[in-house]
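Chains as they are written, first to last, in this note's numbering: chain A, 572 to 840; chain B, 470 to 757.
The set of hints was computed from the structure by calculation and includes no laboratory data. Note that CB positions come from ideal geometry on N, CA and C, so glycine has one too. There may be inaccurate statements among the hints.
[As the list claims (entries may be wrong)] For the chain B half of the interface with chain A, some residues (derived, Cβ under 7 Å), not all of them:
(1) Arg519
(2) Val521
(3) Ser524
(4) Ser525
(5) Arg548
(6) Ala558
(7) Arg562
(8) Thr564
(9) Gly575
(10) Phe579
(11) Arg581
(12) Leu666
[Said to hold, decoys possible] Simulated restraints on C-beta separations:
(13) B:Glu556 with A:Trp838: 23 to 33 Å
(14) A:Arg696 with B:Gly539: 37 to 47 Å
(15) A:Pro587 with B:Gly483: 57 to 67 Å
(16) B:Arg481 with A:Gly712: 51 to 61 Å
(17) A:Met710 with B:Arg585: 38 to 48 Å
(18) B:Asp484 with A:Met769: 33 to 43 Å
(19) B:Arg585 with A:Gln840: 51 to 61 Å
(20) B:Arg586 with A:Asp740: 45 to 55 Å
(21) A:Glu736 with B:Asp489: 36 to 46 Å
(22) A:Ile822 with B:Glu556: 45 to 55 Å
(23) B:Arg485 with A:Gly600: 49 to 59 Å
(24) B:Gly539 with A:Met769: 27 to 37 Å
(25) B:Arg485 with A:Glu736: 57 to 67 Å
Now for the letters of each chain:
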Amino acid sequence: MTTASPANRTVWRRPPFITDPRLRWAIYGGAVVYLILAFATIDVNWVRVYEGLDRGMRFVRGFLVPDFTSRWSDIAQGMQESLTMTVTSTVVGILISVPIGIGAARNIAPMPVYLFCRGIIALSRSFQEIIIAILFVAMFGFGPFAGFLTLSFATIGFLSKLLAEDIEDIDEAQAEAIRATGAGWWQVVNYGIQPQVMPRLIGLSLYRLDINFRESSVIGIVGAGGIGATLNTAMDRYEYDSAAAILIMIIIIVMIAEYSSSFIRKWVQ
Amino acid sequence: MLRLVNLTKTYRTGDRALTDVSLTVEPGQVVGLIGPSGAGKSTLIRCINRLVEPSSGQVFLGDTELTGLGRGALRRSRRRIGMIFQEYALVERLTVMENVLSGRLGYVGFWRSFFRRFPPDAVSTAYRLLDRVGLSDHVDKRADALSGGQRQRVGIARALAQDPDLLLIDEPTASLDPKTSRQIMRLIVEICDESGLPAIINIHDVALAQQFVRRIIGLQAGRVVFDGPPDQLDETVLTTIYGEEDWSATIRTAHDDDAVDPTEQAEGHDERETPAEILDRERMAGLS
């Protein structure tokens with residue numbers, strides 16, 4: 572059959588990604604066996620699950636009647652702290668990430684600068700926010716200042732990396748044209764590169780603002796201030812109605828940030 | 470005057486793009502550089518302003534040896550060399566005016582350019598050039614809002630804003646339709662004639678080269694294999710440059726160009742027209 576002339580063939584199959592069928596089936600089989608074994612090791616205590624349902628129900632009931640009033644001053648203060656932390660850390664983070672991002676772009680930065688900036692990015696990205704928050708809380712004490720530092724630090728890793736990658740992806744011809752006019756290095760960045768990456772930089776900054784607000788409510792749990800601390804207190808006191816009020820406010824703020832940022836991103840294209 | 474002496478470029482991958490290229494371009498001379506893809510046309514042009522660093526050989530622009538310059542001096546020399554690109558290479562998100570003014574970047578400091586505060590004479594030159602290429606109505610539009618022909622006109626204005634002593638032109642018509650290509654080529658040749666500007670034009674379209682330039686250089690595998698007036702381009706020469714093919718159509722197109730291209734004739738194109746008349750007609754055609 573296979574030796575028939577090409578015109579007579581009626582069956583065509585896409586060449587498989589892994590050519591050797593034995594290896595291919597070994598990989599598929601191995602994956603299935605691993606999954607079965609992995610699921611088998613999960614040990615579920617069904618009695619505990621049943622008991623927990625009751626507590627879960629109380630939680631859900633709390634949500635149905637969120638209580639904004641009795642802890643309002645705590646909630647307001649937590650919200651204010653969180654929003655302050657979010658905005659300041661995003662602004663500081665952006666200001667620091669832009670030069671690091673430029674330095675970490677292989678196509679415009681000299682090798683030593685590139686390695687240094689990539690090092691900072693790797694350091695910032697290798698720790699999760701919570702771990703950094705624990706460290707900063709230990710160093711600077713409880714409160715929003717530790718949270719501000721945590722979020723700024725995390726923003727640098729996120730934004731510089733994505734900015735650097737965007738700069739590496741630019742249309743080289745536009746930058747080359749500016750270079751050919753006799754422009755200096757900063758002028759090439761300002762005229763040839765900045766216009767190409769600006770919409771994405773704005774989009775990423777807004778996205779990071781969003782992330783920083785959500786993270787601010789998480790790192791509060793380890794003592795870095797903000798609405799997370801308030802939420803944690805409410806949970807510890809089994810005040811699920813106040814906790815529900817806090818969660819609802821977080822959801823609303825995140826949604827507002829989400830919609831406004833997508834609107835702004837469309838507008839700057 | 471531009472002089473290349475034994476220019477050689479070997480890329481790090483080991484590809485030999487140029488081998489011992491020596492040539493001289495006189496003031497006011499427009500040279501068409503033809504050759505198959507990969508023959509080193511783009512490399513040759515970029516070696517002149519050292520966007521690509523030549524491996525050996527020398528480039529002289531006037532009395533300056535460009536190949537020996539340090540960074541600052543190279544920057545100052547690049548100001549004297551205008552470059553026009555394939556696919557225009559405009560900064561898409563900047564306005565037409567910013568793109569033209571970017572031709573002045575070598576002459577102004579960073580902060581002036583950062584705040585877009587260019588000196589008055591640079592701004593008036595930019596307005597004049599935009600008028601010359603017929604884009605006065607599009608000054609504040611973003612470059613990506615223009616059509617291909619219009620974008621290439623902005624590219625020409627940007628190169629001229631440098632007040633150059635030499636134009637390097639890389640495939641100016643590669644992404645344009647035949648009619649726009651001819652208009653762009655005519656505009657380039659006219660501008661070079663007006664100000665006695667030497668130019669090297671990389672061009673794929675042999676017929677177009679024959680129609681507009683008076684000297685053609687053929688490049689094959691990094692070597693100059695032909696250098697002469699366009700009417701010497703015959704079947705043997707084209708075969709040397711590009712390899713065996715049926716060239717009769719290409720050559721005939723060149724010889725009977727006016728007869729073959731009815732649009733050009735309908736517009737009453739005639740060699741005796743003055744450049745100003747041609748420009749006026751092109752503007753009226755609503756293409757600018």
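A quick look at each hint next to the structure:
Against a cut-off of 7 Å between C-beta atoms, the interface hint on B:Arg519 is violated, since the closest Cβ of chain A lies about 10 Å away. Interface hint status for B:Val521: violated, as the beta-carbon distance to the closest one in chain A is roughly 10 Å, over 7 Å. Given the 7 Å rule on beta carbons, the hint for B:Ser524 is violated: about 20 Å separates it from the nearest Cβ of chain A. Taking 7 Å as the C-beta contact cut-off toward chain A, the hint placing B:Ser525 at the interface is violated, the least distance being around 22 Å.
The interface hint given for B:Arg548 is met, as the beta carbon of that residue sits about 4 Å from the closest beta carbon of chain A, less than 7 Å. With its C-beta approaching chain A no nearer than about 4 Å, B:Ala558 sits inside the 7 Å limit, and its interface hint holds. Interface hint status for B:Arg562: upheld, as the beta-carbon distance to the closest one in chain A is roughly 4 Å, under 7 Å. Evaluation of the B:Thr564 hint against chain A yields a violated restraint, the C-beta minimum of about 10 Å exceeding 7 Å.
Proximity of B:Gly575 to chain A holds as hinted, the smallest CB-CB distance being about 3 Å (cut-off 7 Å). At its closest, the beta carbon of B:Phe579 sits 5 Å from a beta carbon of chain A; the interface hint therefore holds under the 7 Å criterion. Evaluation of the B:Arg581 hint against chain A yields a violated restraint, the C-beta minimum of about 10 Å exceeding 7 Å. For B:Leu666, the shortest C-beta to C-beta distance to chain A is roughly 16 Å, which exceeds 7 Å, and the interface hint is violated.
Range check, B:Glu556 to A:Trp838: about 27 Å between beta-carbon atoms, so the 23 to 33 Å window is met. The beta-carbon spacing between A:Arg696 and B:Gly539, approximately 38 Å, falls within the hinted interval of 37 to 47 Å. Between A:Pro587 and B:Gly483, the C-beta spacing of about 35 Å breaks the proposed range 57 to 67 Å. Evaluation of the 51 to 61 Å hint for B:Arg481 and A:Gly712 yields a pass: the beta carbon distance comes to about 55 Å.
Separation of A:Met710 from B:Arg585 is about 44 Å and conforms to the stated range, judged on CB atoms against 38 to 48 Å. Our hint of 33 to 43 Å for B:Asp484 and A:Met769 holds, since their Cβ atoms are close to 36 Å apart. Between B:Arg585 and A:Gln840 the beta carbon distance is about 21 Å. The supplied range of 51 to 61 Å is therefore violated. For B:Arg586 and A:Asp740, the hinted distance range of 45 to 55 Å is not satisfied, since their beta carbons lie about 31 Å from each other.
Between A:Glu736 and B:Asp489 the CB atoms are about 41 Å apart, so this pair conforms to the stated range of 36 to 46 Å. Distance hint check: the CB atoms of A:Ile822 and B:Glu556 are about 47 Å apart, consistent with the given range 45 to 55 Å. Taking the beta carbon of each, B:Arg485 and A:Gly600 are about 51 Å apart, inside 49 to 59 Å as hinted. Here the CB-CB span from B:Gly539 to A:Met769 is close to 32 Å, well matched to the stated 27 to 37 Å.
The hinted window of 57 to 67 Å between B:Arg485 and A:Glu736 is violated, with their beta carbons roughly 33 Å apart.
Violated hints, listed in ascending order, are 1, 2, 3, 4, 8, 11, 12, 15, 19, 20 and 25; each of the other numbered hints is respected by the structure.
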